[in-house]
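Participant: Protein sequence lines, in the order shown, are assigned to chains A and B. Quick note on numbering: the first sequence equals residues 1 to 323 in the numbering used here. Quick note on numbering: the second sequence equals residues 324 to 626 in the numbering used here.
Just so you know, these hints were derived from the structure itself, not from any lab. There could be a bad hint or two in this list.
[Claimed, not checked] A short, non-exhaustive set of chain B residues, derived as facing chain A with CB atoms under 10 Å:
(1) 350
(2) 391
(3) 511
(4) 519
(5) 532
(6) 561
(7) 613
[As the list claims (entries may be wrong)] Chain B regions said to be covered by chain A (calculated; three or more residues, Cβ under 8 Å):
(8) 379–386
(9) 601–609
[Claimed, not checked] Just the calculated beta-carbon pair ranges, DEER-fashion:
(10) 72(A) / 356(B): 55 to 65 Å
(11) 372(B) / 122(A): 49 to 59 Å
(12) 312(A) / 455(B): 37 to 47 Å
Even for Gly, the Cβ is constructed at its ideal location relative to N, Cα and C.
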Amino acid sequence: MPLLSVRNLTTRFATDRGVVRAVSGVSFDLEEGEVLGLVGESGSGKSVTALSIMRLVPEPPGRVTADAIEFDGLDLMRLSEAEAREIRGARMAMVFQDPMRSLNPVLTIGRQTTEVLRRHQKLDGKAARRRAIELLEMVGIPMAERRLGAYPHQFSGGMRQRVMIAMALSCNPRLLIADEATTALDVTIQAQIIDLVKRLQRDRGTAVIWISHDLGVVAGLCDRVNVMYAGTVVESGPIRRLFHRPGHGYTVGLMGSTPRVDGAAAHRLTPIEGLPPNLIDPITLCPFLPRCRVAVAACHERPPAPRQFAAGHWAACFADLVR
Amino acid sequence: MSTASPSPAAPYRIPSSLALAARQFPRHRLALVGFVCLLAICLAAALAPWVAPYDPVQIKLGSKLKPPSWEHWLGTDHFGRDVFSRLIWGGRTSLSVGALVVAFAFTIGVPLGLASGYFGGRVDNLLMRLVDAFLTFPPLLLAVALVGLLGPDIQNVMLAIGLVQAPILARVVRGSTLAVREDVYVTAARALGARPTRIVLSHILRNVMSPIVVQLTVVFAAAVIAEASLSFLGFGTQPPQPSWGRDMSEARRFLADAPWMFMAPTGIIMLCVLSINFLGDGLRDALDPRAWRTRRRLADGEG
Numbered sequence: 001m002p003l004l005s006v007r008n009l010t011t012r013f014a015t016d017r018g019v020v021r022a023v024s025g026v027s028f029d030l031e032e033g034e035v036l037g038l039v040g041e042s043g044s045g046k047s048v049t050a051l052s053i054m055r056l057v058p059e060p061p062g063r064v065t066a067d068a069i070e071f072d073g074l075d076l077m078r079l080s081e082a083e084a085r086e087i088r089g090a091r092m093a094m095v096f097q098d099p100m101r102s103l104n105p106v107l108t109i110g111r112q113t114t115e116v117l118r119r120h121q122k123l124d125g126k127a128a129r130r131r132a133i134e135l136l137e138m139v140g141i142p143m144a145e146r147r148l149g150a151y152p153h154q155f156s157g158g159m160r161q162r163v164m165i166a167m168a169l170s171c172n173p174r175l176l177i178a179d180e181a182t183t184a185l186d187v188t189i190q191a192q193i194i195d196l197v198k199r200l201q202r203d204r205g206t207a208v209i210w211i212s213h214d215l216g217v218v219a220g221l222c223d224r225v226n227v228m229y230a231g232t233v234v235e236s237g238p239i240r241r242l243f244h245r246p247g248h249g250y251t252v253g254l255m256g257s258t259p260r261v262d263g264a265a266a267h268r269l270t271p272i273e274g275l276p277p278n279l280i281d282p283i284t285l286c287p288f289l290p291r292c293r294v295a296v297a298a299c300h301e302r303p304p305a306p307r308q309f310a311a312g313h314w315a316a317c318f319a320d321l322v323r
Numbered sequence: 324m325s326t327a328s329p330s331p332a333a334p335y336r337i338p339s340s341l342a343l344a345a346r347q348f349p350r351h352r353l354a355l356v357g358f359v360c361l362l363a364i365c366l367a368a369a370l371a372p373w374v375a376p377y378d379p380v381q382i383k384l385g386s387k388l389k390p391p392s393w394e395h396w397l398g399t400d401h402f403g404r405d406v407f408s409r410l411i412w413g414g415r416t417s418l419s420v421g422a423l424v425v426a427f428a429f430t431i432g433v434p435l436g437l438a439s440g441y442f443g444g445r446v447d448n449l450l451m452r453l454v455d456a457f458l459t460f461p462p463l464l465l466a467v468a469l470v471g472l473l474g475p476d477i478q479n480v481m482l483a484i485g486l487v488q489a490p491i492l493a494r495v496v497r498g499s500t501l502a503v504r505e506d507v508y509v510t511a512a513r514a515l516g517a518r519p520t521r522i523v524l525s526h527i528l529r530n531v532m533s534p535i536v537v538q539l540t541v542v543f544a545a546a547v548i549a550e551a552s553l554s555f556l557g558f559g560t561q562p563p564q565p566s567w568g569r570d571m572s573e574a575r576r577f578l579a580d581a582p583w584m585f586m587a588p589t590g591i592i593m594l595c596v597l598s599i600n601f602l603g604d605g606l607r608d609a610l611d612p613r614a615w616r617t618r619r620r621l622a623d624g625e626g
């Protein structure tokens, strides 16, 4: 049985101009200890998918529905807010994009790191502090003991993100969701953080959902990728296969617009023209159709159904990209 | 944070954030001045029987409206009472009104504002309509009505002024809470399973302290002045008893003949409000680690 199983997740937001379907009908499984990438451009529903799983979407204005979201033997959709709080931080945790803003500026690092431990593991002050020091050392913060009394503004972005990771992992969660966790950091720090997550993931067998718009980062870290567009998963597959034989027009476009280190001379960046669709309007055909370079006749007639190419690799696309 | 000498023998003691704030406070010069002034005024009021040179209600018609002199430092009023002594005794009334109103507004207004701002929805709607209802009355009229209802007594005056001020504070706190609630660290705390009470009390309250402190200094000043107005109207402090506001309004009639009578209570109210403002500034900065000065950067691990 997979650790996390999402079936037909749909998240809508009521706005003044109409109902926005931020996520529509997303389904996927995540195995124990697996690293799943969620890629797509801004507004494709990656973050909302994550927040929906965490039960952190504010309702109202949001509204989350799903046939099932099963996690670790629990039906997340049926949990009360109080029950969800017991799970969050203990069995599933999340790291956010902007480490400059995800720590409370007026509380010490020590106070914030021990809070989770006191909350879920019911540690007393002393034990929580000892554990917090261990955790900070584990994520590579030198002189951790001294830094418990420091404030977030005295830390660099990379160090703050390390603190966030330490906090997220402090209760040994089964699932870690990292929402653009390295996007706000510069490349060298980004590499360090990715290495850190890789190491911790291997050591502890934590399953990870890594949300990013950076295909390079995803390639280096993930086992499998879901490509999202306009609130739906348009292609899903094992990382190598998906990169070598992309099966969806959008995935092809995404790769064409990503810089590569190898074959630099031959490769020119081709942007994807146009804008993603307005998610208030109903989408009947393939959502990527107006921007697609490989569209075929069938695309203009009916919505594409997922097509299986190989074990675990499918795409909702009519064009025969995979041979 | 003095020079950090690495001594493996002695375990490093983490200073509490309160200790750090306390160490930070004296660096704010004006705040220190404000604190000392306020302390002096409070002490004088508290020790009035020993400090005041004369009886504040003793009428000596022979020496009325005397300008400041060696016997009467700040002159005498129209009943020959020593203005300086009245100032010291009056401080008891005015300062306790100010302090209690501040405490009342804080205990009522802050929880209301936090709850309203954080939970939003129906709770917010209900609480804010209640606040609106209070704010539609002219504040002085509301206070007069309350005191009229409950009887002219200094406790009732405090209650009335407090009831007028608390909703204003609630509004301020609600507004700031609404802004802070959307910050990423609040979502991050929720993602780690923090309970709402914890989020409100340890994450949000600390971040809305600055507007609260600023508003409370305003409340204090407003309370002293409101007490004066109420006393002038015959509610609150009754005639022979001294109070800054009362004495000030009484002195209006002698503005041309005895300006000292007016200037003394006005000056002390001004000094008090100014001191509190500076103190508030200092407190605000001391409570916000981002505003701390001359701090060594601890981050030397990476770029």
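Participant: Going by Cβ atoms only, is residue 561(B) closer than 10 Å to chain A?
Facilitator: Residue 561(B) check fails; min Cβ-Cβ to chain A is 46 Å, beyond 10 Å.
Participant: At least three residues with a C-beta closer than 8 Å to a C-beta of chain A: is that true for the stretch 601–609 of chain B?
Facilitator: n = 0 at 8 Å, threshold three: violated.
Participant: Against chain A, run the beta carbon of residue 613(B) and see if the smallest gap drops under 10 Å.
Facilitator: Holds: closest Cβ of chain A sits about 5 Å from residue 613(B), inside 10 Å.
Participant: Would you check whether residue 350(B) satisfies its interface hint, that is, whether its CB is within less than 10 Å of any CB in chain A?
Facilitator: 16 Å, violated
Participant: Let me know if the C-beta of residue 511(B) comes in closer than 10 Å to any C-beta of chain A, holds or violated.
Facilitator: 4 Å, holds
Participant: Residue count check for the stretch 379–386 of chain B against chain A: does it reach three with CB-CB under 8 Å?
Facilitator: Coverage by chain A is violated here, the residue count being 0 at a Cβ distance below 8 Å.
Participant: Classify the hint on residue 391(B) as holds or violated, based on whether any CB of chain A lies nearer than 10 Å to its CB.
Facilitator: Nearest chain A Cβ about 48 Å off; hint violated.
Participant: With 55 to 65 Å as the target window, see if residue 72(A) and residue 356(B) comply at their CB atoms.
Facilitator: 60 Å, holds
Participant: Quick check on the hint: residue 532(B) CB to chain A CB, less than 10 Å?
Facilitator: For residue 532(B), the interface hint holds, since the closest Cβ of chain A sits about 8 Å away, which is under 10 Å.
Participant: Falls inside 37 to 47 Å, the C-beta gap from residue 312(A) to residue 455(B)?
Facilitator: 59 Å, violated
Participant: At a threshold of 10 Å, is the proposed contact between residue 519(B) and chain A supported by beta-carbon distances?
Facilitator: Since the shortest Cβ distance to chain A is 9 Å, the answer is holds.
Participant: Do the Cβ positions of residue 372(B) and residue 122(A) conform to the proposed distance bound of 49 to 59 Å?
Facilitator: 54 Å, holds
Going down the numbered hints, you'll see the structure goes against 1, 2, 6, 8, 9 and 12, while the others check out.
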